[in-house]
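Full structure from sequences and hints, please.
In the order they appear, the protein sequences are chains A and B. Our numbering numbers the first residue of the first sequence as 1 and each following residue consecutively. Our numbering numbers the first residue of the second sequence as 1 and each following residue consecutively.
Hints in this document: simulated from the structure, not taken from any laboratory. Hints may be right or wrong, so weigh each one.
[Unchecked claim] From the structure, some residues in chain B lie toward chain A, with a derived Cβ separation under 10 Å: (1) Asp-210; (2) His-211; (3) Val-212; (4) Val-214; (5) Ala-215; (6) Arg-216; (7) Gly-219; (8) Phe-220; (9) Glu-222; (10) Arg-228; (11) His-229; (12) Asn-233; (13) Leu-235; (14) Ala-236; (15) Ala-308; (16) Arg-309.
[Claimed, not checked] On the chain B side, residues computed to face chain A include the following (Cβ under 8 Å): (17) Leu-213; (18) Ala-217; (19) Ser-218; (20) Pro-221; (21) Arg-232; (22) Leu-306; (23) Asp-307.
We treat Cβ as the ideally placed atom computed from N, Cα and C, and that holds for glycine.
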Amino acid sequence: MLDIENLTVHLPGAARPLLASVSLSIRPGEVVGLVGESGSGKSTTAKAVLGLLPSGAVAHGRVLLDGADVLTMSPADLRAHRRHSVAMIHQDPRAALNPVRRVGDFLVERLMPVHDKRSARARAVELLDAVGLSDPARRLRQYPHELSGGMLQRVVIAGALATRPRLLLADEATSALDVTTQAEILSLLDRLRTEHGLGLLLITHDLHLAAAMCDRVQVMYAGGTVEQQEASELFRSPAHPYTRGLLDCSPSLDATGLPPHPIPGQPPSLADEFPGCPFAPRCPLASADCESWTPVPAALPGGGTAACLQIPVRSA
Amino acid sequence: MFPAAGRQVAGLLATLVVASFVIFGAVYAAPGDPAVFLAGGRDDLTPERLAVVREQYHLDEPFLAQYLHWLGNCLRLDLGRSFQYNDEVVDLLAARVPTTLALVAYATVLFVLFGVGAGVLGALRRGTWADSVLIGGTTLSASVPSFVAGIGLAAIFGVQLGWFPVTGSGEGFAGTLHHLTLPAVSMALGALAVISRVTRQTVVEAAGADHVLVARASGFPERQVVARHVLRNALAPIITMCGLVTAGMLAGTVAVETVFGLSGVGSLLVGAINGHDFPVAQAVLLLMVTGYIVITTAVDLAHPLLDARVKTARRVA
Ligand SMILES: Nc1ncnc2c1ncn2[C@@H]1O[C@H](COP(=O)(O)OP(=O)(O)OP(=O)(O)O)[C@@H](O)[C@H]1O
Ligand SMILES: [Mg+2]
Chain A
1 MLDIENLTVH
11 LPGAARPLLA
21 SVSLSIRPGE
31 VVGLVGESGS
41 GKSTTAKAVL
51 GLLPSGAVAH
61 GRVLLDGADV
71 LTMSPADLRA
81 HRRHSVAMIH
91 QDPRAALNPV
101 RRVGDFLVER
111 LMPVHDKRSA
121 RARAVELLDA
131 VGLSDPARRL
141 RQYPHELSGG
151 MLQRVVIAGA
161 LATRPRLLLA
171 DEATSALDVT
181 TQAEILSLLD
191 RLRTEHGLGL
201 LLITHDLHLA
211 AAMCDRVQVM
221 YAGGTVEQQE
231 ASELFRSPAH
241 PYTRGLLDCS
251 PSLDATGLPP
261 HPIPGQPPSL
271 ADEFPGCPFA
281 PRCPLASADC
291 ESWTPVPAAL
301 PGGGTAACLQ
311 IPVRSA
Chain B
1 MFPAAGRQVA
11 GLLATLVVAS
21 FVIFGAVYAA
31 PGDPAVFLAG
41 GRDDLTPERL
51 AVVREQYHLD
61 EPFLAQYLHW
71 LGNCLRLDLG
81 RSFQYNDEVV
91 DLLAARVPTT
101 LALVAYATVL
111 FVLFGVGAGV
121 LGALRRGTWA
131 DSVLIGGTTL
141 SASVPSFVAG
151 IGLAAIFGVQ
161 LGWFPVTGSG
171 EGFAGTLHHL
181 TLPAVSMALG
191 ALAVISRVTR
201 QTVVEAAGAD
211 HVLVARASGF
221 PERQVVARHV
231 LRNALAPIIT
241 MCGLVTAGML
251 AGTVAVETVF
261 GLSGVGSLLV
271 GAINGHDFPV
281 AQAVLLLMVT
291 GYIVITTAVD
301 LAHPLLDARV
311 KTARRVA
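This is the structure:
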């Protein structure tokens with residue numbers, strides 16, 4: 001359904017590309033996880049699917065949804081695409097809602113072309129109920145500042161589901177929610193996936209969540225994809241040193257008792273330029289060759305790909 | 001809502017009382033003895049005659065007593081008699097106020113239409129030649145004082161082309177409109193730059209908010225995004241600014257009234273001050289201050305209706 005092919009996004013004035021040859025595909029009913037440190041380009045990738053690039057950015061490559069390239073769509077087609085095919089749950093729910101309009105307006109606006117005003121309101125109540133918001137009829141009349149962050153996040157999720165999209169881009173959609181609500185929302189998304197064949201891109205910092213929810217997981221670093229594998233495979237045998245580093249960062253729930261082990265150094269900013277592999281400065285396995293080797297993804301024995309110079313050497 | 005409105009109205013009354021005191025005090029302290037003027041000038045002035053006049057007009061009482069006397073009369077809508085014309089001040093005002101109100105209202109319509117319009121257009125077409133032309137044009141128009149603009153407009157459109165009358169305030173709605181066009185334009189011109197700049201900035205800021213991007217990402221038609229997510233959010237600050245400018249115009253009509261020979265409140269005030277006409281000067285000033293406060297309070301009361309966050313903030317405060 002979604003095929004991003006070699007998407008590269010340059011921003012004038014930046015030392016390195018925002019996105020470097022990112023490829024990603026999602027089939028109907030599939031959940032793909034996107035993980036990586038802050039600033040690695042996860043949100044930028046998701047926004048590119050909506051045809052939203054930072055102003056002034058130059059993009060190469062293709063973003064295909066059912067064969068149509070989002071990057072070259074006419075404005076009218078792009079609007080229809082955003083309206084009906086794809087919905088995004090944005091990272092910050094408080095910023096996503098217009099502060100001077102009511103919660104009901106946010107939902108009704110999304111439902112309007114299909115529904116008349118009355119049935120739109122009725123449907124809005126249903127949606128709020130479905131995402132587990134109490135007293136939904138009253139919520140419609142409230143303003144965003146009267147709701148808590150978790151409640152707003154549910155409103156935003158309800159808004160994303162309003163148009164019955166085929167593809168949902170969830171950018172840390174559940175990170176502001178308590179665990180029980182998070183479980184409710186995730187099971188709701190899972191139901192939509194099985195019942196309607198909804199494709200789901202799940203951006204998250206929670207690797208346990210990714211392991212549990214996703215079919216496949218893609219790991220991003222400095223705007224590029226470093227590894228992608230079946231979720232179970234990735235967590236059992238991470239191939240790329242960065243993936244292993246990320247896994248070591250999250251405290252394990254099993255009985256190994258190993259303390260979390262952070263990756264040394266800072267994630268790179270847009271001003272950092274890399275002649276070779278961007279992860280080399282922080283990589284425990286880096287050799288002199290890594291400093292000049294441009295990463296290319298190589299197939300892994302268990303399926304999936306990883307872009308690391310050290311992998312073929314070790315498996316040989 | 002209601003307690004906040006009540007507090008606002010109480011504040012309005014308190015401001016009015018303070019303003020009335022300041023106005024009375026300022027006119028009282030103005031140089032020149034009104035009794036001399038009332039007694040018919042210095043020529044055949046006797047102390048006895050002066051004393052009679054003073055007593056007649058309560059001018060011999062202490063300042064505070066005079067003030068309270070005046071305030072009490074004001075509250076009963078008795079503004080006294082003009083020293084100069086010997087008419088009831090209320091009648092003088094009734095004859096003058098409509099012209100000034102019509103002038104200010106007309107100028108407001110013009111600057112809202114063209115100033116806010118230009119600001120919105122500039123913001124939505126930011127960086128284009130239209131934006132630059134609008135900024136340049138409004139800056140130029142604002143750098144000309146309104147009475148100079150008035151003289152220029154009168155010379156071109158009144159005298160040369162003969163499209164508009166250059167004096168008087170006209171009869172009936174169409175006549176008033178016709179007569180007040182040039183004065184209103186010259187007043188609005190000065191406000192244009194500030195209104196269009198602030199509008200432009202407000203709209204640009206509103207357009208940069210995250211939720212606008214979210215609305216656009218939801219595939220709403222651009223017109224809907226602009227109307228409901230950009231302009232809707234810019235409305236409250238723009239209305240506040242327009243209200244303040246209009247309120248300020250109430251006291252700023254003197255120059256234009258003089259240029260166009262309009263008998264409005266501004267020229268009445270200037271005449272009254274020159275002629276030591278205490279009751280008229282005080283009444284006009286009080287009216288101007290009242291008008292200013294009423295407009296700004298109305299704007300304040302409208303604000304929470306346009307932005308619900310204000311209401312909550314006030315309730316909490
Ligand atoms: N509109 C923009 N203009 C300039 N730079 C941008 C813009 N949007 C994002 N960036 C830059 O692109 C990089 C990737 O940002 P992105 O938001 O995609 O990261 P992310 O992986 O989603 O991070 P997080 O986990 O914090 O959400 C960052 O370095 C950011 O500074
Ligand atoms: Mg992000």
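Quick rundown of the hints versus the structure:
At its closest, the beta carbon of Asp-210 of chain B sits 4 Å from a beta carbon of chain A; the interface hint therefore holds under the 10 Å criterion. At its closest, the beta carbon of His-211 of chain B sits 5 Å from a beta carbon of chain A; the interface hint therefore holds under the 10 Å criterion. Taking 10 Å as the C-beta cut-off, the interface hint given for Val-212 of chain B holds, the closest approach to chain A being about 8 Å. A cut of 10 Å between beta carbons decides the hint on Val-214 of chain B: the least distance to chain A is about 5 Å, and the hint holds.
Annotation: Ala-215 of chain B was flagged as interfacial toward chain A, and the flag holds, the nearest CB pair being 7 Å apart, inside 10 Å. With a cut of 10 Å, the hint placing Arg-216 of chain B at the interface with chain A holds, because the nearest CB-to-CB distance is about 7 Å. At a threshold of 10 Å, the smallest CB-CB gap from Gly-219 of chain B to chain A is about 3 Å, leaving the interface hint in force. Proximity of Phe-220 of chain B to chain A holds as hinted, the smallest CB-CB distance being about 7 Å (cut-off 10 Å).
This hint holds: Glu-222 of chain B has a C-beta 8 Å from the nearest C-beta of chain A, less than the 10 Å allowed. Annotation: interface hint on Arg-228 of chain B holds; nearest CB of chain A at approximately 7 Å, less than 10 Å. Satisfaction of the interface hint for His-229 of chain B is found here, the shortest Cβ-Cβ separation to chain A being roughly 5 Å, below the 10 Å cut-off. A distance limit of 10 Å between C-beta atoms decides the matter here; for Asn-233 of chain B the minimum to chain A is near 5 Å, and the interface restraint holds.
Annotation: interface hint on Leu-235 of chain B holds; nearest CB of chain A at approximately 8 Å, less than 10 Å. Given the 10 Å rule on beta carbons, the hint for Ala-236 of chain B holds: about 8 Å separates it from the nearest Cβ of chain A. With a cut of 10 Å, the hint placing Ala-308 of chain B at the interface with chain A holds, because the nearest CB-to-CB distance is about 4 Å. Taking 10 Å as the C-beta cut-off, the interface hint given for Arg-309 of chain B holds, the closest approach to chain A being about 5 Å.
Look at Leu-213 of chain B: its Cβ gets to within about 7 Å of chain A, closer than 8 Å, so that hint holds up. Nearest Cβ of chain A to the Cβ of Ala-217 of chain B: about 5 Å, under the 8 Å cut. The hint holds. Taken as an interface hint, Ser-218 of chain B checks out: its beta carbon lies about 6 Å from the nearest beta carbon of chain A, inside 8 Å. For the restraint placing Pro-221 of chain B at the interface with chain A, the shortest Cβ-Cβ distance is roughly 7 Å, inside the 8 Å limit, so the hint holds.
With 8 Å as the threshold, the beta carbon of Arg-232 of chain B comes within range of chain A, its nearest partner Cβ sitting at about 6 Å, so the hint holds. For the restraint placing Leu-306 of chain B at the interface with chain A, the shortest Cβ-Cβ distance is roughly 7 Å, inside the 8 Å limit, so the hint holds. Nearest Cβ of chain A to the Cβ of Asp-307 of chain B: about 5 Å, under the 8 Å cut. The hint holds.
Of the numbered hints stated above, none is contradicted by the structure.
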